[in-house]
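Novice: So the protein lines, in turn, are chains A and B.
Residues in the first sequence are numbered consecutively from 1, following full-length UniProt numbering.
Residues in the second sequence are numbered consecutively from 1, following full-length UniProt numbering.
Honestly, the hints are just simulated from the structure, not real lab data.
A hint or two may mislead.
[To be verified] Here are the in silico distance ranges between beta carbons for each label pair:
1) B:C90 - A:L75: 44 to 50 Å
2) A:H146 - B:R89: 18 to 24 Å
3) B:Q85 - A:H94: 47 to 53 Å
4) A:D143 - B:A72: 46 to 52 Å
5) B:I317 - A:D77: 17 to 23 Å
By construction, the Cβ of each residue, glycine as well, lies at the ideal position given by its N, Cα and C atoms.
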Amino acid sequence: MSITLISKEGAQFLVSKPVADRIGVVRDCAYGADFWLGYAVATDDSMGITLANVTSSILSKILVWCEHYKDMEPLVDGDSNMEFPEWDMAYIGHDMNQILFVLEAADYLHIPGLLLLACKGIADVLDGRNPRGICDLLGIVMDFSHRQEVDMDKENGYWRWFLHPT
Amino acid sequence: MKYFPLFSLPSELVIAVLQQLDIPDLLVCKQVCRPLNSLISTTLSFQYSTALYLSGLAECAPSPLPTTERLALLRRHFLAWKHLQPSLRCSIPLSSHNSTLYELYGGVFARGTALPSRSAWGEDTRPRRKTNGMYVVDLPSEVSGLGASSWERQDVGFVVADFTLDRAQDLWVGVERSYATGRAPFLIHLRLLSTNAPHPLARSASLVHTLSYPLPHAHDQQDVVTHYTMQVCGGMLGVLFQHHPVEDVGGVKREELIVWDWKRGVRVAEITPEEAQEEEAHSFSFLAEDLLLLAKTTFDEGLLDIVQLPPSSAIPIPSPSPPGPGATPRERRHCIPHRHFPPSEAPQGMDVHLHRLPLRPRAHTRAICVHPCSPSPRLGPAPSPPAKTAPVFVSTQQSRARRVPPPARARPRQGTPLPATARSAPVRIHPPPALPPCQPGLLPPPLRPPRHPPPPRAGVQSSASRPKRPARYRRFPWGWAPAPPSPAGVYDHPVVCVGEAYAAHPGEGPGVALVLRRWMALCQL
């Protein structure tokens, strides 16, 4: 049993049921109805499900994750101290733009495990940078006045001392 | 290169991203731009986590309370410490025939009692200083709403030289010192705190310790007075034996630190210095079940060492052999001299010298207890109803410092600003918040130590030029603090043992108990 997914550009992806089950939207679209109606609406859907907000490149990347996790349960809850498997961290990489697209698509497609992984990936990229570095990374213009900047530096000085007591 | 606009994402997603950051990185993100700043400042979960981190606290278990209430509790806790206005204050009468032993840990205060026993002729045959009973007070708690309950056990079956307890495991550990020949000099009994029966989790009801070195005068053990420092951490029991020779006999002071896995009855580690100097004071504390913090003070330096213990499951259970004078000398596999700490010569499985933290010169160090206590039901003959509120947070910098007079030469020099490590105050691993927190509206500025040196200590000749301390500051066991606005007066009594910080329940931070001769005053902050 397989199902066809159609990306924003119109490219078609044929995926099997365990892979598609990882994608919440597809699961609800194709198989969720049998809970209410007693039969599946699209057991073997030849028309396909259109995912209008996801580009082909991102969808193919997401399907790699779904393929990897079709038999395993991904981590879906955790704080900043949680460690992800090595495969996950290699998968998500350090490309900020791509991670942000993956994050947005994972939110749209209802994939909580991938959403958390994307959050972790962004947090890893932001980790250990100073405000200027984050601005350069994200293309943000710092809009604080000089006085505000100095004040906040003073506030955060405690944490510099905390992290590097010498 | 076209950047992805991060703030075109919905704010829940940005919050989900920021929740994966550490607190210092979160504070850096506040400095990036206004939208991010306002998002972090106005999100409740970030307010709570930042405030928790700032005050050196941590949540010990997931709490069903909403974040608003937890933040309010945290703020009340902070304010109570700042103004030293406890939310609960009571005094508890103690037994009239108590001895000098006591223990205050995990919401239980236990005091040794020395009942005079009567022989057939009706006279008091047992000296009062020999502890043979226990008076246990379950301290009142503000979070659970339970009052104090106490019970007394008049005869525990042996003369207790020292004891410790762990309420979460219903365990009390008593040391028996035996002077009879043919017996091991130290027997460590593992009993249930509630019923005084042998602890069911322990493989053997008592552990045996014999001296690891020959006595200078082997014919008489009574020439050596031993002091004990004991601590239980989960399945581990650490006992520091400090042998002081009696003055007219002479000899050197010796120390032995033995760590047992008390459930399996296995000696896990043994840390024995060659010989200790008079100026040195050693103490230890468990950081975790397999991490040990050793503190030592010498004449001109203070040192903290963190030692990793070998896993106790790797050590076979010894075959039972009756202890006696003819017993074979026990194996000393895990013995390391901690005077030198050569990492290359460390026994296998024991990673010595993980960290060595040199301290300020002439600082008096003492190991502090930094592991949180786990929530536990009430014990005792009459169990109370269960606590109604779930735990919220525990202190990560709780101190269990007893007052130990440091040697006179180890005093801080005149003119140095008062450090947290002066006198008997414990060395803090987490530095106290000394600068204003990053969110001025959220928390009041924390306590700032005064710039005056500490007052002259009794028994040490002081210089007259030392400035008087201002009246609005008082010396408390945890350091300097503003004097409480109401003259409580309890601090001026002749204090037998000065206060210890303790955590009664994980939901409430440490409080202060002042144990006087006949009663104890309790302040819960």
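Novice: Determine for every hint whether it applies to the structure shown.
Specialist: Consistency of the hints with the structure:
The beta-carbon spacing between C90 of chain B and L75 of chain A, approximately 47 Å, falls within the hinted interval of 44 to 50 Å. The beta-carbon spacing between H146 of chain A and R89 of chain B, approximately 49 Å, falls outside the hinted interval of 18 to 24 Å. In this structure the hint that Q85 of chain B and H94 of chain A lie 47 to 53 Å apart at CB holds, the actual value being about 51 Å. Taking 46 to 52 Å as the suggested C-beta distance range, the pair D143 of chain A and A72 of chain B does not conform, at roughly 33 Å.
Taken as a hint, the range 17 to 23 Å is violated for the pair I317 of chain B and D77 of chain A, whose Cβ atoms sit roughly 40 Å apart.
When the structure is compared with the earlier hints, violations turn up for hints 2, 4, 5 and for no others.
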